[in-house]
Every structure is written in C-alpha cells, then in structure tokens.
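Asks: In order, the protein sequence lines correspond to chains A and B.
Under the UniProt record's numbering, the first residue of the first sequence is numbered 1, with each subsequent residue one higher.
Under the UniProt record's numbering, the first residue of the second sequence is numbered 1, with each subsequent residue one higher.
Keep in mind the hints are simulated off the structure, nothing from the lab.
Cβ coordinates follow ideal geometry from the N, Cα and C atoms, glycine included.
There could be a bad hint or two in this list.
Claimed, not checked - Heads up, incomplete: computed chain A residues facing chain B, CB under 10 angstroms, no partners named:
1. S8
2. K12
3. T19
4. K20
5. P25
6. I32
7. N36
8. K158
9. W181
10. I183
11. L186
12. T198
13. N200
Claimed, not checked - Only pairs whose alpha carbons sit at most 30 angstroms apart, straight line, appear in this in silico BS3-like list of lysine-lysine:
14. A/K158 x A/K3
15. A/K10 x B/K105
16. A/K3 x B/K20
Protein chains: 2
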Amino acid sequence: MPKTYDISHKVKYYECDMTKQVSVPMLLNLAILVSNMQSEDLQVGDDFVHERGMGWIVLQYDIDIKRRPMVDEVVTLRTMAREFNAFFANRDFVFIDADGEEIIKIHSLFSLMDMEKRKLVRIPKEMVQGYEPEVVKRISRGEAPASITDEDVIAYEKQYGVRYTDIDFNLHVNNSHYFDWMIDVLDVDFLNQHEITTMNIRFEKEVGASDKVTSQAVMNDEQTQSKHRILFADGGLATEAVINWTNK
Amino acid sequence: MPKTYDISHKVKYYECDMTKQVSVPMLLNLAILVSNMQSEDLQVGDDFVHERGMGWIVLQYDIDIKRRPMVDEVVTLRTMAREFNAFFANRDFVFIDADGEEIIKIHSLFSLMDMEKRKLVRIPKEMVQGYEPEVVKRISRGEAPASITDEDVIAYEKQYGVRYTDIDFNLHVNNSHYFDWMIDVLDVDFLNQHEITTMNIRFEKEVGASDKVTSQAVMNDEQTQSKHRILFADGGLATEAVINWTNK
Numbered sequence: 001m002p003k004t005y006d007i008s009h010k011v012k013y014y015e016c017d018m019t020k021q022v023s024v025p026m027l028l029n030l031a032i033l034v035s036n037m038q039s040e041d042l043q044v045g046d047d048f049v050h051e052r053g054m055g056w057i058v059l060q061y062d063i064d065i066k067r068r069p070m071v072d073e074v075v076t077l078r079t080m081a082r083e084f085n086a087f088f089a090n091r092d093f094v095f096i097d098a099d100g101e102e103i104i105k106i107h108s109l110f111s112l113m114d115m116e117k118r119k120l121v122r123i124p125k126e127m128v129q130g131y132e133p134e135v136v137k138r139i140s141r142g143e144a145p146a147s148i149t150d151e152d153v154i155a156y157e158k159q160y161g162v163r164y165t166d167i168d169f170n171l172h173v174n175n176s177h178y179f180d181w182m183i184d185v186l187d188v189d190f191l192n193q194h195e196i197t198t199m200n201i202r203f204e205k206e207v208g209a210s211d212k213v214t215s216q217a218v219m220n221d222e223q224t225q226s227k228h229r230i231l232f233a234d235g236g237l238a239t240e241a242v243i244n245w246t247n248k
Numbered sequence: 001m002p003k004t005y006d007i008s009h010k011v012k013y014y015e016c017d018m019t020k021q022v023s024v025p026m027l028l029n030l031a032i033l034v035s036n037m038q039s040e041d042l043q044v045g046d047d048f049v050h051e052r053g054m055g056w057i058v059l060q061y062d063i064d065i066k067r068r069p070m071v072d073e074v075v076t077l078r079t080m081a082r083e084f085n086a087f088f089a090n091r092d093f094v095f096i097d098a099d100g101e102e103i104i105k106i107h108s109l110f111s112l113m114d115m116e117k118r119k120l121v122r123i124p125k126e127m128v129q130g131y132e133p134e135v136v137k138r139i140s141r142g143e144a145p146a147s148i149t150d151e152d153v154i155a156y157e158k159q160y161g162v163r164y165t166d167i168d169f170n171l172h173v174n175n176s177h178y179f180d181w182m183i184d185v186l187d188v189d190f191l192n193q194h195e196i197t198t199m200n201i202r203f204e205k206e207v208g209a210s211d212k213v214t215s216q217a218v219m220n221d222e223q224t225q226s227k228h229r230i231l232f233a234d235g236g237l238a239t240e241a242v243i244n245w246t247n248k
C-alpha cells in the first residue's frame with residue numbers, strides 16, 4: 001500500500017479568485033506543495049533529486065472537482081505515490097473538507113528527467129522504498145485530452161508573454177500558469193456563470209523564460225466542454241487540455 | 001501603544017521567484033495576510049467592514065528590503081496599525097528571521113472607502129479601539145515617489161492585459177500584480193544581477209477587470225534607481241513607483 005501523506009491547509013485570500021474559492025492554478029500549487037512535503041519527509045526530496053542532476057516533470061493531470069475550497073476554509077491535502085514503473089509515476093491527490101468529503105481528486109503522471117541531457121532516467125530504488133508505490137510493468141497513462149482539430153472553430157485566442165515571476169527554480173514556467181492562460185482566454189461572463197467539473201491536461205513541451213505563447217480555445221455548442229491548446233511562437237504545441245463545465 | 005500581531009510563516013515554493021526567494025509581489029500578499037488576520041482577531045475584519053459597505057484601500061507602500069526570505073525559511077510576520085486620523089491609517093509590517101533580524105520593513109498608508117459611493121469614510125471608533133493606534137490630527141503621508149518626466153527616456157515599456165485570476169473579491173486587480181508588471185518590464189539579466197533595496201509605490205487609481213495597462217520604466221545611468229508608472233489605455237495614471245537597486 002502506498003504511503004499517504006496529509007497536511008492541513010487554511011486557504012489564504014491570495015490563493016482565491018473573484019469567486020472567493022481557491023483559483024484553479026493555485027489548486028495545482030497546493031498539490032505540488034503536499035507532494036514536495038511528503039518527499040522531504042521520506043528524505044527523497046529536492047536535495048536528493050538535485051544532487052543526482054534529476055528533476056520531476058509533470059506529464060498529465062486529471063482533475064475532478066466537486067467544489068473548490070473557500071477563503072479561510074481548512075482542508076486536508078492528501079497525496080500518495082500510487083503506482084511506479086521504471087520511468088513513470090502515478091501520483092494521486094485528494095482535497096478533503098471538514099466533513100470528510102473528498103471535494104477534489106487529482107490523478108497525475110510524472111517522470112524523472114536528467115536535467116542536463118533532457119532525457120528520462122530510471123526512478124532510483126530509494127524512492128520506491130520511500131513512497132512504497134505499487135510497482136508495475138506498464139503504467140496506466142490515462143486518456144489523452146481530445147485535440148483541437150482543423151474542423152474546430154477557434155473562438156478564443158490570446159497571446160501571453162512569460163513574466164519574470166512566472167518562472168520557477170528550474171528556469172521554466174511554473175505549471176500553474178498554463179491554467180492562467182487557458183482560463184483567462186475564455187469569456188469573463190462565461191467564467192462567472194460556470195464551474196469546472198473535470199479537467200484533463202497533458203504537457204507536451206515546457207515553456208521557457210523568454211517564450212511568447214498563444215492560448216487557443218474551442219467551446220462546444222452546449223457550452224459544457226472546452227478544448228484548449230497552448231502554442232509556442234513557431235506553432236509548436238506546449239500543452240493540450242479538455243475542460244468540462246457546469247452551470248452554477 | 002499600537003497592538004502588534006505576529007504570525008509564523010514557512011515560505012512555500014510557489015511564493016518564490018527563480019532566485020528561490022519570496023517574490024516581491026508575494027511579499028505584499030503576505031503583509032496583507034497578517035493584517036487581515038489581526039483585523040479578524042480584533043473582530044474588525046472583513047465581515048465588520050463589508051457589513052458597513054466599506055473597504056480598505058492601499059494608497060502607498062514604502063518597502064525596505066535587507067534580504068528576502070528563502071524557500072522553506074520560517075519567518076515571523078509582524079504588523080501594527082501605527083497611526084490613525086479620521087480618514088487615514090499608517091500600518092507597519094516587519095518580517096523577522098530566526099535570528100531576530102528585521103529583514104523587511106514596510107510602511108503603508110490606507111484609507112477606508114464607501115464602496116458604493118467611492119468616497120472616503122471616517123474610520124469607525126470600534127476599529128480605533130481594536131487596533132489601539134496613536135490617534136493624530138494630521139497623518140504623515142510620507143514622500144511621494146518621483147514621477148517619470150518628459151525629460152526621461154522611457155527605455156522599458158510593455159502592455160499587459162488584466163487576467164481573470166488577477167482579480168480579487170472586490171473585482172479589482174489584487175495589488176500584488178502591479179509589482180509583477182513593474183518588475184517584468186525590466187531586463188531579465190538586470191533582474192538576475194540586482195536586488196531591490198527600497199521601493200516606494202503610490203496607487204492613484206485602481207485597475208479594473210477589463211483594463212489593459214502599459215507598464216513603463218526609466219533607469220538611471222548608474223543602474224541604481226528605476227522610476228515606474230502604470231498607465232491606463234487612455235493614458236491616465238494608475239500607479240507610480242521608484243525602486244532602488246543594488247548589485248548582487
């Protein structure tokens with residue numbers, strides 16, 4: 001059984017958007033926070049990884065939102081490294097409210113990268129021993145988000161420049177900002193009248209410090225599903241996502 | 001003597017920029033966090049203010065940085081409502097490290113606004129009784145930042161669109177984002193080689209949800225001081241600032 005790790009977190013005002021709920025980008029920051037803390041606790045944290053010239057890369061998030069926590073609410077953030085094979089790791093996150101209700105679930109797929117050579121490396125056995133995941137031959141990668149096709153009408157498009165404060169220690173854009181770009185491109189009125197129920201996002205290529213990107217989105221006729229992509233200036237694909245929406 | 005209020009805060013990875021120190025915008029979020037917590041503690045918090053149709057508005061920050069806290073560092077965040085008159089409040093913030101060193105000091109000037117009528121209102125006596133500030137006739141407003149003049153060469157300029165996640169509960173841009181715009185406009189190499197020592201910022205007019213703004217900056221020949229302004233699309237002034245820099 002994978003080791004679970006819990007922290008208690010009181011939602012700060014600056015983690016919320018105008019709905020007084022934790023913003024979608026911040027949900028991902030909180031998930032990574034608790035997984036970093038578990039890794040530190042098991043002594044396979046940043047120091048362990050960086051000494052070996054490695055870094056964790058997120059490949060995919062599958063996010064299921066019953067409701068987002070409100071400002072000042074105290075939630076339990078839980079994580080476990082559920083399933084590992086030689087090169088990939090599935091990690092789960094659960095946000096649990098004071099009534100014990102699982103209000104957010106996130107499945108994620110990570111890999112470990114040699115930061116110099118920019119290629120995948122085997123997950124060290126100390127990590128497997130630490131997290132105690134189920135060790136499998138083939139890892140379930142989950143479904144990829146449906147792509148925007150030539151038949152789709154791109155109704156939403158905006159350019160974004162990477163900002164100095166978007167960049168993290170690894171000199172890449174902190175993952176949470178992809179969500180800023182994907183959500184901001186939509187209509188404010190739509191955002192105020194709808195809530196995300198599920199979100200499936202796949203990261204193809206990291207956005208760097210000096211990049212300019214284009215965020216594009218397509219909405220279905222029923223306004224229940226949007227497809228998104230983030231493109232580099234040369235048209236190359238950085239990220240794809242599908243978001244399902246419900247009326248408030 | 002004004003009541004002081006302290007919280008202990010462990011720096012999260014997502015509060016830091018690429019230098020592994022708390023980003024400048026996040027310093028201001030943390031300051032407002034501790035002042036909100038003091039207000040709640042004294043029962044003159046958000047509920048008290050919003051029931052009366054009022055809201056606090058920041059007019060000015062004077063920031064003095066010895067060093068910024070590092071990721072995982074635990075710091076004490078201290079605040080006190082130092083000086084009030086009928087319409088204005090001076091509030092101080094201090095960041096104190098584990099050695100008891102005061103590493104950041106912030107003086108701020110706030111006023112209380114009728115959110116409907118958009119005009120200043122008298123600070124209620126319950127607040128004065130709660131915070132126990134020094135009550136004065138005339139409040140020291142501090143020096144205004146020097147403005148960019150017609151003789152200055154505007155070497156840095158960028159347009160920014162307000163993003164959905166920039167907006168807070170009051171439907172205005174969270175103050176911290178003005179710092180994003182002012183810092184991001186400068187050169188990345190300059191930012192990596194320099195540190196802010198002091199920053200004086202005055203807010204003239206709030207930026208709203210649908211605004212597009214221009215961030216402009218002028219650097220002196222010695223590269224020790226930059227002057228900044230944030231302009232609305234119609235050329236109107238939102239914010240002015242002066243930042244002093246030192247070599248790393």
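Asks: Hints first: check each against the structure and report whether it holds.
Replies: Now for the hints, and whether the structure bears them out:
no.	hint	result
1	S8	violated, 13 angstroms
2	K12	holds, 6 angstroms
3	T19	holds, 9 angstroms
4	K20	holds, 6 angstroms
5	P25	holds, 6 angstroms
6	I32	holds, 7 angstroms
7	N36	holds, 6 angstroms
8	K158	holds, 7 angstroms
9	W181	holds, 8 angstroms
10	I183	holds, 6 angstroms
11	L186	holds, 8 angstroms
12	T198	violated, 19 angstroms
13	N200	violated, 20 angstroms
14	A/K158 x A/K3	violated, 42 angstroms
15	A/K10 x B/K105	holds, 25 angstroms
16	A/K3 x B/K20	holds, 29 angstroms
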